[in-house]
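Number of protein chains: 2
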Amino acid sequence: MTTWTLARRAQKMNPSVIREILKITEKPGIISFAGGLPSPKTFPVEAFDQASQRVLQNDGAAALQYAASEGFLALREHVAQNLPWEVDPDQVLITTGSQQGLDLVAKILIDSGSRILVETPTYLGALQAFAPMEPVVASVASDAEGPDLNSLSQQMGSGANAARFFYVLPNFQNPTGRTMSEARRAALVEKAAELGLPLIEDNPYGDLWFDTPPPKPLTARNPDGCIYLGSFSKVLAPGLRLGFLVAPKTLYPKLLQAKQAADLHTPGYNQRMVVETLKGGFLERHVPTIRSLYKNQCTAMLQALDTEMQGLGLEWNTPDGGMFLWVRLPDGMNAVELLPKAVDAGVAFVPGAAFYADNADPRTLRLSFVTASVEQIHTGIAALAQAIRTFAKG
Amino acid sequence: MTTWTLARRAQKMNPSVIREILKITEKPGIISFAGGLPSPKTFPVEAFDQASQRVLQNDGAAALQYAASEGFLALREHVAQNLPWEVDPDQVLITTGSQQGLDLVAKILIDSGSRILVETPTYLGALQAFAPMEPVVASVASDAEGPDLNSLSQQMGSGANAARFFYVLPNFQNPTGRTMSEARRAALVEKAAELGLPLIEDNPYGDLWFDTPPPKPLTARNPDGCIYLGSFSKVLAPGLRLGFLVAPKTLYPKLLQAKQAADLHTPGYNQRMVVETLKGGFLERHVPTIRSLYKNQCTAMLQALDTEMQGLGLEWNTPDGGMFLWVRLPDGMNAVELLPKAVDAGVAFVPGAAFYADNADPRTLRLSFVTASVEQIHTGIAALAQAIRTFAKG
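From first to last, the protein sequence lines stand for chains A and B. Just so we're on the same page, this note's numbering is the position in the first sequence counted from 1, plus 5. Just so we're on the same page, this note's numbering is the position in the second sequence counted from 1, plus 5.
Because identical chains cannot be distinguished in the list, a pair is counted as satisfied if it fits within a single copy or across any two copies.
List time: in silico DSBU-like cross-link candidates among lysine-lysine, alpha-carbon distance up to 35 Å:
#1 Lys-254 to Lys-32
#2 Lys-284 to Lys-32
#3 Lys-17 to Lys-196
#4 Lys-46 to Lys-221
#5 Lys-221 to Lys-300
#6 Lys-17 to Lys-254
#7 Lys-284 to Lys-28
#8 Lys-284 to Lys-46
#9 Lys-346 to Lys-254
#10 Lys-46 to Lys-346
#11 Lys-300 to Lys-32
FYI, nobody ran anything at the bench for these hints, they're computed from the structure.
Using the sequences provided together with the hints, build the complete structure.
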């Protein structure tokens with residue numbers, strides 16, 4: 006009889022709340038504002054098809070062979086050249102989606118019991134990526150402009166218990182859609198340097214601004230104090246699993262060794278396909294079409310909320326880009342309890358509680374405006390209002 | 006001033022010896038027997054090109070969207086149907102190369118200080134994948150038929166110190182090219198069950214037999230006591246990074262959660278491309294051409310060794326498949342010291358020492374016969390013999 010002894014970390018692992026919700030909400034007929042799925046309308050299928058043919062026909066053997074763990078040089082060069090601060094391609098590590106960047110960061114910076122800091126609320130996938138290394142996660146309070154720096158100082162810890170890093174998502178944050186202001190960025194970078202605190206800056210959504218680009222990244226202000234994570238999932242397509250990280254040169258070798266051990270390298274074929282697709286300024290033409298689509302859908306959702314939620318006591322924010330907006334139900338209501346009623350009414354969302362490391366606000370919920378069409382958005386928000394009215398009556 | 010505190014595991018990480026050697030040996034003009042790179046002649050470039058077009062044109066949106074962490078169902082079904090024991094597709098997890106399978110196994114089964122067992126010698130990449138979880142690695146002695154079961158019992162440990170698993174590569178092992186005999190497989194599975202010891206069976210090379218298939222997998226004999234790892238890297242191409250694992254249903258959810266946290270999912274586009282490629286019995290036509298190519302090159306290397314190494318006191322084995330053979334230099338010679346002289350003579354290999362968890366045999370070295378052509382093999386082995394003669398003279 007075989008004895009499988011699970012590692013302590015595995016005993017603590019739980020199924021992703023979001024993945025479980027997505028399963029429920031995948032029923033036909035449900036309008037889902039739950040997933041963070043980019044609109045398939047934005048996927049450059051035709052460009053990929055041509056790029057794939059060129060890669061296989063001109064460079065098939067190299068594209069299909071084992072390759073460097075660092076990533077394909079031409080892609081690393083593209084990344085370095087398109088970031089708004091001076092980056093050497095040797096600081097760029099191509100990752101299997103930016104989720105893998107979080108796994109690698111966790112592996113090289115977190116010991117069991119290490120203190121790490123996250124925003125309140127924060128990206129659930131980051132909490133999941135960090136959890137296997139068994140950190141103690143402390144939340145930094147935040148307001149509409151970003152993290153509260155007094156809370157940061159209080160949560161920092163000291164000596165052996167000093168936080169290993171602060172994980173932040175400054176642009177159109179998942180889950181809140183919030184953007185960190187210029188003033189808060191400047192103050193946060195200064196405060197972090199003063200505290201000696203490394204920043205892990207996650208920027209999957211930064212290119213998806215509606216009217217004006219967000220302020221420059223935290224990493225641009227102090228490159229030696231930050232690891233920066235980026236992704237091609239939102240500007241091209243998530244199904245290729247292509248992300249990257251930019252690290253100070255002193256840390257890069259350890260991240261590279263962790264990468265080698267994790268999956269040897271990110272698919273070289275996919276990297277070459279993207280390099281081929283990007284040639285001739287593809288993103289300069291393509292990304293504006295995504296911005297305009299998402300802005301249009303976000304506007305539709307805000308209008309529908311204005312119309313449908315009148316008098317119901319809800320609050321929500323107005324994102325400047327990205328994929329999500331953040332709603333707060335009136336006092337006494339609970340988003341987890343609302344969800345099944347909403348699904349009955351034909352609409353789904355993610356309760357906000359999933360995104361808190363602790364002290365969840367049970368009244369919050371996340372709405373994605375990128376997957377559903379404008380028409381579906383109007384229908385779905387009306388259904389959600391109906392579910393809320395039913396729920397309020399008990 | 007930012008303080009980056011590395012996790013303890015990161016301080017122990019080291020650059021891959023093989024990757025470092027590969028860098029040296031990538032000089033033009035060097036005939037390399039060092040890398041484990043499948044022959045690019047075997048990559049089905051044309052079939053991939055057609056498959057990629059079909060996937061993008063017929064199913065582009067789904068292929069490029071976020072997808073299930075388990076992997077694409079049709080691919081999991083293919084894997085389950087083609088294994089020689091009863092496997093439910095729900096036991097199959099698609100991984101980003103089989104290297105990722107090792108990372109996930111390590112995450113769910115190894116605590117800091119956990120005892121784990123490996124063969125002597127063993128696959129270097131496995132040692133690297135396990136290392137971040139900080140195991141105590143103990144080596145099980147082996148002979149030409151496979152692991153020594155007395156050594157296994159001695160190394161097992163007991164109580165809280167009992168080994169979490171024994172990692173084995175029974176078919177055409179990397180690095181030795183050795184195949185575990187039928188008798189040893191039966192005895193090992195019985196002994197492991199008696200000890201309560203889980204087996205991690207890695208089988209990247211099993212399809213690459215020359216004349217007869219290897220005996221059936223360990224997992225087929227005791228599916229609840231084993232995790233089985235497989236790969237498409239050697240039968241299709243490594244650059245797609247597609248592997249899989251098969252786990253007992255009780256363990257699967259934890260592996261799945263570790264997978265979600267690691268990279269959300271393996272590229273769906275790549276999975277669909279491979280499903281499309283495999284339709285109509287592609288592998289049944291394709292894999293025999295790889296077998297015949299590698300058998301031919303292995304035979305050439307054995308002939309060249311017979312001819313060129315006469316009187317030099319070397320020993321080597323005769324693999325029944327796979328990619329590698331294993332050479333032992335005469336007493337007093339050291340493969341690490343020989344390497345620079347071999348590179349000077351125009352040929353490269355990997356010193357065997359890299360593949361031992363402890364007590365390395367400094368006289369061993371690994372030769373890959375799959376990347377170089379027959380002509381290069383003859384030239385390269387002659388150059389190696391020359392280097393050995395020079396080295397022997399001091």
